[in-house]
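Number of protein chains: 2
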Amino acid sequence: MSLDTVLSRIDDDLPQAIERLCALLSIPSISTDPTYKPQCGKAADWLVEDLRSMGVKAEKRPTPGHPMVVGHVPGDGPHILFYGHYDVQPVDPLELWNRDPFDPAVEVTEKGRVIRGRGASDDKGQLMTFVEACRAWQQVNGSLPCRITFFFEGEEESGSPSLIPFLKENADELRADLALICDTGLFQSRTPSIMTQLRGLLGEEIVITGPGKDLHSGMYGGPSMNPIRVLTRILAGLHDDNGRVQVPHFYDDVPELPQEMAEQWKALGFDHERFLGEVGLKTPAGESDRTALEMIWSRPTAEINGIKGGYTGEGFKTVLPSRASAKVSFRLVGQQDPHALREHFRDWVRAQVPSDCKVAFHGHGASPASQMSTVHPAFEAARAVLGAEWGDEAAFTGCGGSIPVAGYFKAILGMDAMLLGWAKDDDQIHSPNEKYDVESFHKGIRSWARVLDAITR
Amino acid sequence: MSLDTVLSRIDDDLPQAIERLCALLSIPSISTDPTYKPQCGKAADWLVEDLRSMGVKAEKRPTPGHPMVVGHVPGDGPHILFYGHYDVQPVDPLELWNRDPFDPAVEVTEKGRVIRGRGASDDKGQLMTFVEACRAWQQVNGSLPCRITFFFEGEEESGSPSLIPFLKENADELRADLALICDTGLFQSRTPSIMTQLRGLLGEEIVITGPGKDLHSGMYGGPSMNPIRVLTRILAGLHDDNGRVQVPHFYDDVPELPQEMAEQWKALGFDHERFLGEVGLKTPAGESDRTALEMIWSRPTAEINGIKGGYTGEGFKTVLPSRASAKVSFRLVGQQDPHALREHFRDWVRAQVPSDCKVAFHGHGASPASQMSTVHPAFEAARAVLGAEWGDEAAFTGCGGSIPVAGYFKAILGMDAMLLGWAKDDDQIHSPNEKYDVESFHKGIRSWARVLDAITR
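These protein sequence lines are chains A and B, in that order.
At position 325 of the first sequence (counting the first as 1) the number is 325 in our numbering, and the numbers step up by one without a gap.
At position 422 of the second sequence (counting the first as 1) the number is 422 in our numbering, and the numbers step up by one without a gap.
Since the hints were derived computationally from the structure, they do not count as laboratory data.
From a predicted model like this one, the values you see are computed outputs, not experimental measurements.
Heads up, the beta-carbon is just placed ideally off N, CA and C, and yes, glycines get one too.
Some clues are possibly wrong.
What the hints assert, rightly or not - Chain A residues, not near chain B, derived (Cβ > 12 Å throughout): (1) Y36; (2) K37; (3) E110; (4) R147; (5) E205; (6) D214; (7) E263; (8) Q264; (9) K266; (10) G269; (11) S322; (12) I412; (13) M415; (14) E439.
As the list claims (entries may be wrong) - Pairs of lysine-lysine residues, derived as DSS-like cross-links and limited to a Cα-Cα distance of at most 25 Å, are as follows: (15) B/K424 / A/K317; (16) A/K282 / B/K282; (17) A/K213 / B/K317; (18) A/K317 / B/K37; (19) B/K358 / A/K213; (20) A/K213 / B/K282; (21) A/K424 / B/K282; (22) B/K424 / A/K37; (23) A/K111 / B/K213; (24) A/K358 / B/K282; (25) B/K213 / A/K282.
Claimed, not checked - What follows is a list of derived Cβ distance ranges for each label pair: (26) A/H430 / B/E256: 57 to 67 Å; (27) B/E260 / A/P248: 43 to 53 Å; (28) B/K213 / A/E110: 13 to 23 Å.
Construct all of the structure, not just a fragment, from the sequences and the given hints.
Here you go:
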């Protein structure tokens, strides 16, 4: 049967698909809060049942945390692994929601119909676009177009503690030719995006200790070294006047953007004034010789995420504090090695700490950037068909944030991942009143049908 | 009768003097906590009664806060005003005290006998050294050696809100030839100090706002200006590499230390290595061309007392915060004008804030430095006799902190103040286990007798 038949089937079945999504959304599978552990299990059960209803051999697989859902469908052609996550973020502050976050419903808004509820966009709604595409395909054709493994995680919002061990223990079962991940967004409402590069992340905490106890700045101010003064001097040197990071060797393994990609990005017409204007800013603050889009997608950054020291309450206290600390993170690209950079950073800091102060470091996350190889024919195939669904041609884009699972698939299973998603910037993910446009859901399902068709043709 | 007779009387009466001090110490006159308002009144009553018992015409005078105690004794010669305060600091953390802070007693320690209890040193014990000297004098001579006004405050530990209005309303009554203030310490255990210069204080709070809301550093890190980055760059420029403050006009009204004073200070043999060593430091951190003693006593400073921004809790959050803030204080000397410097500082900060950020300021305390004129013959007279009591010659010293009352006496009543005190660095004032050495108390009483004798001879 033709793709058109599948697409028609998807259109006809949309009301039922929304009902199914709402059933899944009504399960409060908040992974960060142990109180909701049973509900996480219930969401996994729901997915297992749903997959089985369409002939997938699915089961709930235990982990030390929340269960994974794994399902297999045999078939010819490429072996695809599809990844999504069924856990959601906490909902507080609850009073800012316009409805019970776990009593989802379609609401009509000025911008169109939306499915409102926690997880509607991140990631239950997105996950179900692929499931619904498969359901329609199966109903029309009697089978799926290729061998597919469904792989749903329940700990994505709480740091995925069980993911790496699970991938290692089940590598043979999960290894496929290509992973499809649906946890990202459109570039713009008419421009789908295939994310091919995601920045890595390195987190470091610095604690500078000066005097052995808090001092009175009248008694000691002047001769006594103030650790806040030391800390601010170090952090002030993190960037030069052109926004370039000053840690030695920082740019050693940063590749230049390939000409072809640079042109594609330029063609996207990214409006940095609008992007920054929405958060009250105007001037790109990063490396002065780079475009704002490069700054987010393909350039590494250093950012001070938190700083504290001394008295920070109401009023004033003339304390000369014993210690001051800061949390600094680096977004990484290309082949930047987070572990090597951690040492370069620490050396750089240590060299600036005066003899009267001590410095201690606490390491946080260290994940390298993910660069998808777009050599796999699926990338071009998918890009070629998405325009027909959304209006504008799809773009290979970057992502400022990190989606570690893509890196794990590469490192542990040796497979590339294609990141496709239909979320919009205003979906309020992680915030009150999360929503997923009915358009995202509907066109998302249709898009997966087109992609499955294109990559198995 | 001779001074020796008064000194003998003081020696004989010491046990009773300690008993009287303990009676005053047992009244929990914590001025910062409204719960203790009645006890503040009770301490004032106790002092009124005690002064009356020695023939002083004393009364409790109401204020909008805690009462003042004012007492007058007529007499010939110079008119002296004596100031002390009867209120004390809170006692928490209570569990760190080795006894009930308001059940005072003499304890025998390795370093000698101490009077333990809240307020023993700051300032009830010190205040009573003058009262006891007057009592002995009166008992031996039948009268005091000159006209004396006793002036005790009950709000010193809570910012003295009633002091300025009270001084203004009662200026004619309180104006004297010289004020004596007993709220300071010895330079070293054998070296009494007459404090002749106290630094002023200017407090400023800076709030830098960048983006309109907290951002995700993955999504926005790079092109979006981070207010912590802006703040650290500004604060890092507060001092140059030689510790010199960089705010324009900062040193305009800073006098050089007079040669005579510089020599006297040099002779004190201040051991900065020991001073800093006690708090785990070694190298003087202020202006590199100044001695540590100058840095504390006669040089202005800039100190960051607090800083905060972004996520400062456990773990890590890759937030790019909307705002960051810092509290900065300046210790002032000479004729530095706190109000003018506030504006210079704000201008200097504003000039460094990039166009994408906003800055707001919150002003805190602004008091100029106090420089006592030592021209009044009482200064030399006092200095000449104190050595006999303590061993080493007394020194005219500076003070890194601020004792605003001395400045108010000058500004409102036009009189100089002589700051004499017998506290020691290890008295634990404002901390658990506050104590006052019996030696400080005993020799302090004798010292006042010597000073009264010297300045009225």
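Each hint tested on the structure:
1. Y36: At roughly 20 Å from the nearest Cβ of chain B, A/Y36 sits farther out than 12 Å, so the non-interface label holds.
2. K37: For A/K37, whose nearest Cβ neighbour in chain B is about 21 Å away, the distance exceeds 12 Å, so it holds.
3. E110: The claim holds: A/E110 sits with its nearest Cβ about 22 Å from chain B, beyond 12 Å.
4. R147: holds (33 Å)
5. E205: violated (7 Å)
6. D214: violated (10 Å)
7. E263: Non-interface label stands for A/E263: nearest chain B Cβ at 20 Å, farther than 12 Å.
8. Q264: Non-interface label stands for A/Q264: nearest chain B Cβ at 19 Å, farther than 12 Å.
9. K266: Answer for A/K266: holds, closest chain B Cβ roughly 16 Å.
10. G269: At about 16 Å from chain B, A/G269 clears the 12 Å cut-off, so the statement holds.
11. S322: Violated, because the least Cβ-Cβ distance between A/S322 and chain B comes to about 8 Å, which does not exceed 12 Å.
12. I412: Consistent with the label, A/I412 stays out of reach of chain B, its closest Cβ about 22 Å off (over 12 Å).
13. M415: holds (24 Å)
14. E439: holds (22 Å)
15. B/K424 / A/K317: holds (23 Å)
16. A/K282 / B/K282: Status violated; Cα separation ~46 Å.
17. A/K213 / B/K317: It is violated: about 28 Å lies between the C-alpha atoms, which goes past 25 Å.
18. A/K317 / B/K37: This hinted pair holds, its Cα atoms lying about 24 Å apart.
19. B/K358 / A/K213: It is violated: about 34 Å lies between the C-alpha atoms, which goes past 25 Å.
20. A/K213 / B/K282: Distance of about 14 Å is within 25 Å: holds.
21. A/K424 / B/K282: violated (57 Å)
22. B/K424 / A/K37: violated (60 Å)
23. A/K111 / B/K213: holds (23 Å)
24. A/K358 / B/K282: holds (13 Å)
25. B/K213 / A/K282: The hint holds at about 14 Å.
26. A/H430 / B/E256: 57 to 67 Å: Holds - the Cβ-Cβ distance for A/H430 and B/E256, about 60 Å, lies within 57 to 67 Å.
27. B/E260 / A/P248: 43 to 53 Å: holds (52 Å)
28. B/K213 / A/E110: 13 to 23 Å: holds (22 Å)
Taken one by one, the earlier hints fail for this structure at numbers 5, 6, 11, 16, 17, 19, 21 and 22, listed in ascending order.
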